[in-house]
Structures are given as C-alpha cells and as structure tokens.
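Number of protein chains: 2
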Amino acid sequence: MNSKQSDRRRFLKEGAVLAGLAAGAIRSASGQGPMSASGRTPESEIPENFRFFNERSRFENSVRKLPSAGESGASKCPLQDLHGIITPSDLHFVAAYGMNPPDIAPREHRLLIHGLVHRPLIFTLEELKRLPSVSRIHLIECVTNSYMFRKRTVHLPELRNRLTARDIHGNTSCSEWTGVPLSLLLQEAGVKNEASWIVAEGAEPVKHARSIPLNKVMDDVIVAYAQNGEAIRRPNGYPLKLLVPGFEGAFNIKWLRRIKVVDQPYLTNVDVSHKVNLRPDGKMRWYNFEMPPKSVITRPSGEQRLPSRGFYEITGLAWSGGGTIRRVEVSTDGGRNWKDAQLQEPVLRIAHTRFRFPWNWDGGEAVLQSRCTDDRGVVQPTLAELGKIWGVNFDWEYWKIASETGYNGEHFNVIQPWKVTREGTVLDAMYDAWL
Amino acid sequence: MNSKQSDRRRFLKEGAVLAGLAAGAIRSASGQGPMSASGRTPESEIPENFRFFNERSRFENSVRKLPSAGESGASKCPLQDLHGIITPSDLHFVAAYGMNPPDIAPREHRLLIHGLVHRPLIFTLEELKRLPSVSRIHLIECVTNSYMFRKRTVHLPELRNRLTARDIHGNTSCSEWTGVPLSLLLQEAGVKNEASWIVAEGAEPVKHARSIPLNKVMDDVIVAYAQNGEAIRRPNGYPLKLLVPGFEGAFNIKWLRRIKVVDQPYLTNVDVSHKVNLRPDGKMRWYNFEMPPKSVITRPSGEQRLPSRGFYEITGLAWSGGGTIRRVEVSTDGGRNWKDAQLQEPVLRIAHTRFRFPWNWDGGEAVLQSRCTDDRGVVQPTLAELGKIWGVNFDWEYWKIASETGYNGEHFNVIQPWKVTREGTVLDAMYDAWL
Chain A
58 MNSKQSDRRR FLKEGAVLAG LAAGAIRSAS GQGPMSASGR TPESEIPENF RFFNERSRFE
118 NSVRKLPSAG ESGASKCPLQ DLHGIITPSD LHFVAAYGMN PPDIAPREHR LLIHGLVHRP
178 LIFTLEELKR LPSVSRIHLI ECVTNSYMFR KRTVHLPELR NRLTARDIHG NTSCSEWTGV
238 PLSLLLQEAG VKNEASWIVA EGAEPVKHAR SIPLNKVMDD VIVAYAQNGE AIRRPNGYPL
298 KLLVPGFEGA FNIKWLRRIK VVDQPYLTNV DVSHKVNLRP DGKMRWYNFE MPPKSVITRP
358 SGEQRLPSRG FYEITGLAWS GGGTIRRVEV STDGGRNWKD AQLQEPVLRI AHTRFRFPWN
418 WDGGEAVLQS RCTDDRGVVQ PTLAELGKIW GVNFDWEYWK IASETGYNGE HFNVIQPWKV
478 TREGTVLDAM YDAWL
Chain B
58 MNSKQSDRRR FLKEGAVLAG LAAGAIRSAS GQGPMSASGR TPESEIPENF RFFNERSRFE
118 NSVRKLPSAG ESGASKCPLQ DLHGIITPSD LHFVAAYGMN PPDIAPREHR LLIHGLVHRP
178 LIFTLEELKR LPSVSRIHLI ECVTNSYMFR KRTVHLPELR NRLTARDIHG NTSCSEWTGV
238 PLSLLLQEAG VKNEASWIVA EGAEPVKHAR SIPLNKVMDD VIVAYAQNGE AIRRPNGYPL
298 KLLVPGFEGA FNIKWLRRIK VVDQPYLTNV DVSHKVNLRP DGKMRWYNFE MPPKSVITRP
358 SGEQRLPSRG FYEITGLAWS GGGTIRRVEV STDGGRNWKD AQLQEPVLRI AHTRFRFPWN
418 WDGGEAVLQS RCTDDRGVVQ PTLAELGKIW GVNFDWEYWK IASETGYNGE HFNVIQPWKV
478 TREGTVLDAM YDAWL
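Sequence order for the protein chains is A and B.
Its first residue numbered 58, the first sequence is counted upward by one per residue in my numbering.
Its first residue numbered 58, the second sequence is counted upward by one per residue in my numbering.
Don't take each hint at face value.
Since the list gives no way to pick one copy over another, a pair counts as held whenever it fits inside one copy or between any two copies.
[Claimed, not checked] Taking lysine to aspartate or glutamate and the DMTMM-like style, the derived pairs with C-alpha atoms no more than 25 Å apart in a straight line are: (1) 396 <-> 215; (2) 249 <-> 360; (3) 122 <-> 183; (4) 208 <-> 489.
FYI, nobody ran anything at the bench for these hints, they're computed from the structure.
So here's chain A without its partners, still in its complex pose:
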C-alpha cells in the first residue's frame, strides 16, 4: 500500500482542509486520551436492559419536541440529531391531535373493506400477514411542516431566530414500512366500475378519516403493519397504518380500521377543517395533496455552535412527495453561488435523501442554505416564489401578524437559510432581510 506524503498534499489541496482540525486533535493528546481508564466498567452480570433490548447510552438525550401552548399535539422529530435516512421509530414525529393513542389489542383488531365493492371483506392482522407484502422506505410529512411553529413564534422576541431544525421542520420522518398493497385487497374485494375514491378511517375516538383518489390507491398505497423491522409503534398507528406515499401526513391514517370505496371525495371532518384556499387566479388547490420538494441543512443548523474555524461537512435531508430527489445544491454565501451536494445512495422514491457538502469555515459570517430538485424538475422555491404560487406577500408584516390570512401554511417548502455568526452560533435567518 502506497500512501505517500504527496498523496497527503493532494488531499489537502483538494479542499477537505483538515489541517486546523487535526492540529486541535493533536493537542488533545496531552489531555485524557483513549488509554485512560474512562469507559471501563467492572465485569458483572449483564443487566436486564441489555439482555432483551439494547438501551441508549445515558449520555444520549435527543428527544422530540413537545408542542407549544396552543399547538395541537405534534411531537417534533429532532432532525438536527439524526444521521442517514432512517428515523428511529422512537423519534418519529407524531401529530397526535391531543390525545392518548389507542391501546389496541391486535387479536381484536379488524380491517373492514366495503362500499362500492362486489364482496366486502374483513381481515384480521394474522390474515393480512399471510398476504403478499412489500417493504418501502418512505417519508411522512405534516401538511404545515416548516411553517406553523415559525408563524406562531415570530412575534416572541425570545424565540425569534432561535429556532432549531426540529422546531421548524420536525414534522417529517422516514421509516421502512412493510405491509400489503391496498390495491391487492381491493382486487380481492372487486371494485365496482363507478368507484373513484376511498375514505379511510382510523379507530381513535375522533375517527380521523380522509378521502383518497382511487388512482393513487391503486398506485402505491400500503396497509402497513411494520415500521423499521418491528410492529408499528403505538403512537404511529399500531397495529395498522395506511401509507399514502408523498401525500400530506394526515392521509396516512393511523389505527386503520375501515376503508370504504366511494364514487366521490367525502368531506370528512379533517378534509373540511382547513384545506380550502383560493389562489390569485381564482382556482382552488384543495385537491393538491402531494407534498412538494423540500430540503433543509440539519448540521450546522439553528442553535448549534461551531467551536472553531476549519473544515465542516454540511449535511441535511431532501425529499419530495412527488418522486425522487435528483439534485441538491448548497450555498454558503447567502445564495450568490450554488454548488452540487453529494447525494447518499440509495436515493429512493418519496424518501428522505441525505446530502453532504464539504465546507471550510473561515470564521466570518456565513449564510448556509440548500435547494433541491426532484425527478419531475420541480425546484424548491424562494419565499418570494412561493408567495406567488399562493398569492401571499410573505413580508415582515405578514409574519408579524398572528391572525389568519387565508393561507394556512400548507406545502411551505421555501429554502431555509441558517446564519453562522462570527462567534460560531447558528441562527434561523429567514427574517433577516426585514429586521
């Protein structure tokens, strides 16, 4: 093996610039090194916690974010602490509608398929698990992710600009889901010719339900019973959840118990509550359920701190409800220059995609942002561009006013800027232009 000094010089020249970092590392050799006694524990019996399950280290304290007062019960995922594309099931975000999740005994649970079908069917869980199954890594994202918390807190000086990636963007997560294609169950039930939609309903007290177009259902919707290898966690819909890849999060019906095949969209309580908006051209966007392309840098991100100048890998997540991420660009100078980030393989359809970008921080103020493009060519917009789509003037006056504006934050996928100060503090820079 040849690894010569010349190799090393070339590596440094090519921009990874580890020099400052490595110098810091060398200095720490005089401190507590790996040969110290730290980390050793006396041999003893393995505690029960480590026999049946692998516990977290007690030094790891990443948790979800509780909803603030006035918000509904969304527990936000700590995106800034995550690596790769799989969200641990422990930390998957939950929009819980302020309630204790149902405590369903799986042996008693049933899935009913009825309505415009030749043969209504009822399935037990064990029956579903005998059927042909699929596994897919898919994201779920709440319809107002990236908007609601900022809108609600921007008038609070103690919070403004102090938001984290979890605060702003934490209503999305990505898991490997396993279950039965709903198309297969409907094929068994025999869908009648006049059918064009379904209504899917959960078992929770409020009977959360959504209308879903039949063409989407026959394309890629899954009746899922597993998440990241094991049963779906209770707050995520145990024992059955409807996966509707790329649609607004509330379509992914938890505690799924009923699918009715119908001939038109029904206005369920959720459907009518906050999804009707007029665009400037007078058209409605109500039937636009697909979440648009979005990306966010998760490290460095809000409330993190860079300890010293030198090399940092910028990393983050990109996704699109409409397909596969094809490109992520990163700017470190406030949007003047953009360069392609590296996408981590495998890049999967309607899944979080990890991107990485090498950066050498010179110690000056910097604004970091990412912009993604999906395989349909749709590009993540600026705030001004999104304003045109929705007919909203997203200026400072807009953000200051907490009252309703007609736009409720749906599909808010604007480019997220993070400002790195000379002190190394990272702040949400969305409002900087107006402050």
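Based on these hints, arrange chain B on the given structure of chain A.
For chain B alone, kept in the frame of chain A given last:
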C-alpha cells in the same frame, strides 16, 4: 377504474389463492368487528412516554434470546418477528462476552490512530463528526451463527427440532450505519509504505482487538458513530464502532478507541482463541474472514404455526459477506423443485435482502427451504457440500457428539429446511434425515 369479476377470476387463477383465507375473514365479520368499542381510549393528556418517544404497544413482546447456560453472552435477534431489512436497534444481536457494556462518556472518549503512520492522530467525537461521512446499510453476522446453538442443544430431546429462527440464526442483524471512512483518517495520518495491516481495539475491559488487512480497510471500513439514525446503542459499541462490512462479526470492534497501523497480522487474544483450522488438503482457512452467502426463511419458521391451509407468503432474509445477493430460490417440496423468489428492492451490498415467495399450503407435510447466490456466483451449500469444504462429515454421529471436532462452526451457511407438519407446526428439519 375497471375492476370486474373477470379481473378477480384472473387474479385467483394466477395463484394468489386467497379464497380460503377470505372465506375465513368473512366469517369473522359476525364476531368482534372494527366497529366495536375495542381500541378506544378516553381523551386525556398524552403520557410522557408518548411525548418524547414512541413506545411499543404493550401487546408486542418480541425480545432477544438470552444465551443458554454455557454460552457466552450472545443475545440473539428475533429474526422470525422482523419485517423488511432494517433491524430495530433495540433488537440488534449482541455478542457481549459476558460483560456489562462500557458506560462511556462521549466527551471523554478518544480515537487514537498510530503505528506505521507519519503523523499519529487523536480524534474526539465532535472532531470526527465534522469530517466527510457516509451512511451504509450493512449486516453484521457472528462467525459461528447458525451452528453453535444447534450443536449445543441437539443432544437435548426437549429442544431438538424445536429451535426458532432466532435460536439458530439470530446472531445477525442489519442497520444503517453512519460514520467516517477509515481510509480518510489513515490518509490524514499518512500511512507508511511498509504498512499492510491494522489492529483495532475496543475500550472494554478485555480489550477486544482484531487484525484487519489494510486493503480491506482502505476499501470500505467505517468508523461509525450512528446506527439507524441515532447514536449507536450502548451494547453495540457506543460511542464508536468499527464497521468491517462482510467480515466475521468480531471484526466490528465496539467501543473503538485505538487503531494501530502495522506490518503484519498480530495474533490478538481473539485472533488466536478459536480460528485456526486445517482443511483436508492441509491448507489453513484462517485468513478467510468473509462471511459466505446465506439465506433463511423467517416466516413460516421454527415454532410458528399455520392456522389453516391456503395462501401464505413465504418470506425470509438472504445476505453475503462477499457482496450483493443476486438470486434466492425457494423449494416447498424438500429440495426437489426450486423456483426464484422475489427480491425486495433496494438490494444492497453486504446487507440483509428480503425475499418473498407465494405458496399455497394444501395441508400436507411440506419442507420449506431457501438457497441464495451472490454476485460472485457463490451458491449457499447443502450440508454435504459444506462438509467437503471443511473436511467434516456432518452426519448424525457428528451432531450427537458434543465434544470438539476441530471444526468450530465457522461460516456455517448450509440451507435451512423447515418442516411443516399436517397440524401446521413448523419444525427445524435439519436432522430429519438421520432420525
């Protein structure tokens, strides 16, 4: 949408044969259906367990298997309960060497790189997390997986044939790992020309260490700090683990603290303890560290029960330490006929691969088995074929005798047969030929 009776007839003809199953489902409609009150809970505050983390349902009780008396502290992964390819970090198998895992404070942990390098380096965790990283979905498998437990229990009539997929094959798991390529760290340290191996060492009391060829290290070895999106769980090596994809499990050094670059393999305590075997031709296989292709049907599998005849999806996992799974074949008639199973995309290098195969159980006795082939064309062997490789006659006398034979169960990747009895009970059928 057209889904006519004729479509349905075609579907049934094509072999999914849900008829018996669906009839059973219809009958259950008269019992407790989805409209019953089951699963509803009164609205109340969300308990803390559901705020910060998503807990399992109390009805889910899949756990790892404790080691039996005389075994070292391996906690086996319940493969028969898993779906997809991601093993939940909770349930990743652990070969713990009978000890309490180190309780390492991450701020005090260091990674030392020294030996035949121009510039020894010490890294803190925060320094490592600034460097260019990769995420890879990789399996880990213990060198004696699929052999040791069977060999130790075959003389016990109460256990013989009653083993589960977890009992026999549970020393493998698959996670998404994130960290820094070790090649990058060694490039920074500047490897000297005479270097050809490394020795990697953990921080636990026994100082587990292994010698690893430098060409493997420069190819795909990762210094990992994350597992399935979050910090590596404590028993799996928190805060740092060396990922050596496809090599025997014990090469994946947990609680990694030191990498020494050397000019030859060093015989560490682990290296010398049980890895020297002569083949019939007098050659040693000691330097064959790569785990061979293996597959196992996980459903139906040992100790499961089929409640009724009719359609079942046969599913399982295949993997190869040498590359990517290209083919899995399934036989349901004891090996006379084989048909290709479907592989779940994405099929990844040195990762568990989920396969699926439709099967209509006619109620008679059946023997189910799977056989995989990797992208180098290596095929999973029969017991007789593996015996030739290792120079071992795996007859009944061999299994009965608990004493040492010279072969210690390394790389035991023979085809696993499961017998389905007329009662629907599934048994390990490995010894049937001799009983």
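Here's how the hints hold up against the structure:
{"no.": "1", "hint": "396 <-> 215", "result": "neither (34 Å within a copy, 65 Å between copies)"}
{"no.": "2", "hint": "249 <-> 360", "result": "neither (55 Å within a copy, 42 Å between copies)"}
{"no.": "3", "hint": "122 <-> 183", "result": "between (35 Å within a copy, 23 Å between copies)"}
{"no.": "4", "hint": "208 <-> 489", "result": "within (15 Å within a copy, 68 Å between copies)"}
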